[in-house]
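So the chains spell out like this:
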Amino acid sequence: MPGLEHTILIPLIPFFAFLVIGLLNKTLSPKVAGMIGITGILASTILAYQVALGYFFSFGQVDGVFQKIIAYKTSWLQFTDSLVIEMGAILDPISAMMLVVITTVSSLVFIYSWGYMKGESGFSRFYAFLSLFSFSMLGLVLATNLFQMYMFWELVGVSSYLLIGFYYDKAAAVAASKKAFIVTRFADLGFLIGILLLSFHTGTFDFQLLTDPNGPAITSVGGATFMGLSVVSLSLLLIFIGGAGKSAMFPLHIWLPDAMEGPTPVSALIHAATMVVAGVYLVARLFPVFAFAAPEALEVVAYIGAFTALFAAVVACTQPDIKRVLAYSTMSQIGYMMLALGVSGFGEDGLGYTASMFHLFTHAFFKALLFLGAGSIIHAVHTNDIFKMGGLRKFMPITHITFLIACLAIAGIPPFAGFFSKDEILAAALVSNKLIFGVGFAVAGLTAFYMFRLYFMVFWNEAKIEGAPHESPSVMTIPLIILAIGSLVAGFVPFNELVTSNGSLLATELHWEVAAPSVAIGLIGIVVAMVMYRKASNLPSKLSSSLGGIYKAAYSKFYIDEVYMFVTKKVIFNLISRPIAWFDRNIIDAFMDMTAKMTNLVSEGIKEMQSGQLHYYAIYFASGAILFVVLMLWMR
Amino acid sequence: MTFTQIFFYFLAGVIVAFSVLSVTTRRILRAAVYLLFVLMGTAAFYFMVNFFFLAAVQLIVYIGGIVVLIIFSVLLTSQINDRLDKPEMAKVVIGGLVAFGGLIISALTLWQYPFTASSAAEGDYSVAEIGRQLLNYGEGGYVLPFEVISILLLAAMVGAIIIAKRIKPKTDD
Amino acid sequence: MIEGVPLSHILVVSSIMFFVGVYGFVTRKNLLTMLISTELILNAVNINFVAFNRYLYPDKMEGHFFSLFIIAIAAAEAAVAIAIFISLYRNLKSIDVEDVDSLKH
Chain A
1 MPGLEHTILI
11 PLIPFFAFLV
21 IGLLNKTLSP
31 KVAGMIGITG
41 ILASTILAYQ
51 VALGYFFSFG
61 QVDGVFQKII
71 AYKTSWLQFT
81 DSLVIEMGAI
91 LDPISAMMLV
101 VITTVSSLVF
111 IYSWGYMKGE
121 SGFSRFYAFL
131 SLFSFSMLGL
141 VLATNLFQMY
151 MFWELVGVSS
161 YLLIGFYYDK
171 AAAVAASKKA
181 FIVTRFADLG
191 FLIGILLLSF
201 HTGTFDFQLL
211 TDPNGPAITS
221 VGGATFMGLS
231 VVSLSLLLIF
241 IGGAGKSAMF
251 PLHIWLPDAM
261 EGPTPVSALI
271 HAATMVVAGV
281 YLVARLFPVF
291 AFAAPEALEV
301 VAYIGAFTAL
311 FAAVVACTQP
321 DIKRVLAYST
331 MSQIGYMMLA
341 LGVSGFGEDG
351 LGYTASMFHL
361 FTHAFFKALL
371 FLGAGSIIHA
381 VHTNDIFKMG
391 GLRKFMPITH
401 ITFLIACLAI
411 AGIPPFAGFF
421 SKDEILAAAL
431 VSNKLIFGVG
441 FAVAGLTAFY
451 MFRLYFMVFW
461 NEAKIEGAPH
471 ESPSVMTIPL
481 IILAIGSLVA
491 GFVPFNELVT
501 SNGSLLATEL
511 HWEVAAPSVA
521 IGLIGIVVAM
531 VMYRKASNLP
541 SKLSSSLGGI
551 YKAAYSKFYI
561 DEVYMFVTKK
571 VIFNLISRPI
581 AWFDRNIIDA
591 FMDMTAKMTN
601 LVSEGIKEMQ
611 SGQLHYYAIY
621 FASGAILFVV
631 LMLWMR
Chain B
1 MTFTQIFFYF
11 LAGVIVAFSV
21 LSVTTRRILR
31 AAVYLLFVLM
41 GTAAFYFMVN
51 FFFLAAVQLI
61 VYIGGIVVLI
71 IFSVLLTSQI
81 NDRLDKPEMA
91 KVVIGGLVAF
101 GGLIISALTL
111 WQYPFTASSA
121 AEGDYSVAEI
131 GRQLLNYGEG
141 GYVLPFEVIS
151 ILLLAAMVGA
161 IIIAKRIKPK
171 TDD
Chain C
1 MIEGVPLSHI
11 LVVSSIMFFV
21 GVYGFVTRKN
31 LLTMLISTEL
41 ILNAVNINFV
51 AFNRYLYPDK
61 MEGHFFSLFI
71 IAIAAAEAAV
81 AIAIFISLYR
91 NLKSIDVEDV
101 DSLKH
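Protein chains in written order, with the numbering used here: chain A, 1 to 636; chain B, 1 to 173; chain C, 1 to 105.
No lab work stands behind these hints: they were computed from the structure.
None of the values given here were measured: they were computed from a predicted structure.
Possibly wrong hints are sitting among the right ones.
[As the list claims (entries may be wrong)] Among chain A residues calculated to face chain B with C-beta under 8 Å, some are:
| no. | residue |
| --- | --- |
| 1 | I70 |
| 2 | Q610 |
| 3 | I619 |
| 4 | A622 |
| 5 | S623 |
| 6 | I626 |
| 7 | V630 |
| 8 | M635 |
[To be verified] Keeping only pairs whose Cα atoms sit at most 27 Å apart, straight-line, the calculated DSSO-like set for lysine-lysine is:
| no. | chain 1 | residue 1 | chain 2 | residue 2 |
| --- | --- | --- | --- | --- |
| 9 | A | K464 | A | K542 |
| 10 | B | K86 | C | K60 |
| 11 | B | K91 | C | K93 |
Using N, Cα and C, we set each Cβ at its ideal position, and we do this for glycine too.
Looking at chain A on its own, in the form it has when it is part of the complex:
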């Protein structure tokens, strides 16, 4: 669309920053490299705000309905006349919203890292990777078609891998980065097959065509079926596997807690606010197809989301590592978003869709805030173990206040941001599925409990840190303050007007019949946490010992990692890989070795023929010629 081509610059500016920092890594001083990275992301933030605000408030609407606008499009690979891979930038409510979220959190994280990573040896490299990540993520949300999305999807995976393994001399970080890459890559296999299936049956990659309610994807439901499911449902389920891998849905969640080995700003940016919601974004992007063509796939999304939310919340209650608690909390909240998408309908019934996007938006603020706050704490006390912290409120006032705001927001206490989005999600769930509503309700209580457990353990309780930890520098606290303000006001954004499943306004109200109990259970969670953890007491240990097996199982993350290890190491390695390896080594390799050995043997045997003695050469030649003649005569 003319006048909007500069939208493509939003991802490209960080990309050029990445190229410059990456290529001139050795010649640029770290400060210059950092400045380049920050300038780049700030420039694209300004552009993104300009585009997004323009979209929402001036040109996005036609007759009160938000349109899908192709801001920029170019054909990238032309295989045949009909098979063209395009690259471009799409603007619709969710991509505009994601632009705001990503650029805001990115630029704050970029600035925060200036203080957090100060003096680290890979400072420039860090900014290069962060810029690469921003490029990939922005490219992902602006993707106009499934193929472009898949490309950026993988790029996001790669930059996540690079950033988790940033401390590459630390074995745990390397293992975590590999784990994250392999697990998500495994899930992406489903995504790829899903894309192929879907585009094969609909004949297009393009989102505009795919999500058109009268388009080929949705009208071809009556077509082919496989194993009792329509091909569209099947392909959407496969695509959802990809989304579940990136968004750490059960049972593909195992990489996310380990990914906390990366630097904390990375966790805030990638593993809390942006990349992990890519799965939610993917489902939202294809939502019309889900809603019209594959309601059963949507149901799967809802149940997996609900289960993950509950599962992660339970595990989060027991973890001792501050970042892992936050990681499980992230999983739980993303489960919430998936749940909301899963129970949503289209158009008038699209409350869940709006709620999910709303929660994504608010969650980005308070979860980034929580992670950056955790980073500030870790920066001060040099440990991740909450049992070794305590009483920090006196030493770190700004971190304390902002962390408290974030905790209140995630616990769903009004008027903080999480209250509004969580309320909408629960309201949507109540309408469509009582079981899922129950799960969501319980998770709300658990969330309040584990967040305040963390809060009280870190900031109250008794001080266990020797010496006086100091507040972080202002380059780190200012992003915290900005995010805290965001967490306060994000809930008042009128999402029902801006982001809806069909683009037109959705009538909503505050559902007090849902809001009141959820606030109540949140408060109960907070009170329980306060009683147990505000002062040092033996209450927690008593409770955990009385819970016995359940506590132990939750503490060990329900042994999911062990199950994976068993399946891979014992079952797959022993039953499949080892026989294959044996076959490879003893049959394939041996065959090659035998060829070489035979050649060697024959050569050893006939080596003597090259004696340098003319006589023998003459004999070989003459007898060969005679044999040849005999052969010719005999063959005649």
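Chain A is already provided as a structure; the job is to place chains B and C on it using the hints.
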């Protein structure tokens, strides 16, 4: 049996006998002389089939050139009274087998193949005709191989001089 | 053609000459005698050419010319070979074929 036949078989006997002698004698000068007889027999055979020019070339080039050259180099590289070593038994056996086997095979093949002599009239074998054909660049002419051979001979001559030339070892004085 | 002598008789004579040459080439150690054997082989071929020419195509002269060229080539070959022998003799004090094996390396 006509005189021609008798003469041919006599010639054949001479050729075979001296061939065998020239590869078995242990005196190198004698081997060269026996070769001379073989070549002369061949020249006689050329006379018998009216190839006078070829016979003359055979006599001049082979006998007058190559054999004399061989005799000279024999004199240059060995003593007159030297006797060659007896050939190794293994080589005699293997070489004999190869040669005899090959001979049997080709003789059997020759014997079985029904050659029919052409009844066409003899062509003109005169030296004038030979010269015409040798320098004819039209169809069936031999001017190209003739020129190639002349270049080859020139190259061989230059090469022989270069190879046989004594290369003085480089000294500092 | 020669009255009363069939072609195959001539060819047998040349075959004998050829394989005697082969035998000599294999058994002789002295390079000069090996050269003599080579001349025998070439001569046998010449006889073949001439015999085929005269018996099968008496109106043409292809065999004749081939023989002529072979003689020329044999002369060139003998000249170069003898030059090599002399050079070898000068360097090795021997023209024994078993001493000449350094090219195998």
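Q | Distance restraint between K464 of chain A and K542 of chain A, which requires alpha-carbon spacing of 27 Å or less | A | holds (21 Å)
Q. Against chain B, is Q610 of chain A within 8 Å by beta-carbon distance?
A. violated (17 Å)
**Q.** Per-residue hint verdict: M635 of chain A, partner chain B, C-beta under 8 Å
**A.** Violated - the Cβ of M635 of chain A stays beyond 8 Å from chain B, reaching only about 14 Å at its closest.
Q | Cut-off 8 Å, beta-carbon criterion: hint that I626 of chain A touches chain B | A | Holds, because the Cβ-Cβ distance from I626 of chain A to chain B comes to roughly 5 Å (cut-off 8 Å).
**Q.** Interface hint compliance - S623 of chain A to chain B, C-beta minimum distance less than 8 Å
**A.** holds (5 Å)
(Q) Using the nearest Cβ pair, does V630 of chain A come within less than 8 Å of chain B? (A) Holds, about 6 Å.
Q.
Is the interface hint satisfied for I619 of chain A? The criterion is a beta-carbon contact with chain B at less than 8 Å.
A. Hint on I619 of chain A: holds, closest Cβ of chain B at ~6 Å, below 8 Å.
(Q) Checking one constraint from the list: CA of K91 of chain B to CA of K93 of chain C, max 27 Å. Satisfied? (A) Holds. K91 of chain B to K93 of chain C sits at ~24 Å (cutoff 27 Å).
Q: Identify whether the interface hint at A622 of chain A stands, where standing means a beta carbon of chain B within less than 8 Å of its own.
A: holds (5 Å)
Q. Are I70 of chain A and chain B close enough, Cβ to Cβ, to be under 8 Å, as the hint says?
A. With a closest approach of 75 Å, the I70 of chain A hint is violated.
Q.
Run the distance test for K86 of chain B versus K60 of chain C: straight-line Cα separation, threshold 27 Å.
A. violated (46 Å)
The structure does not agree with the numbered hints 1, 2, 8 and 10 stated previously, though it agrees with the rest.
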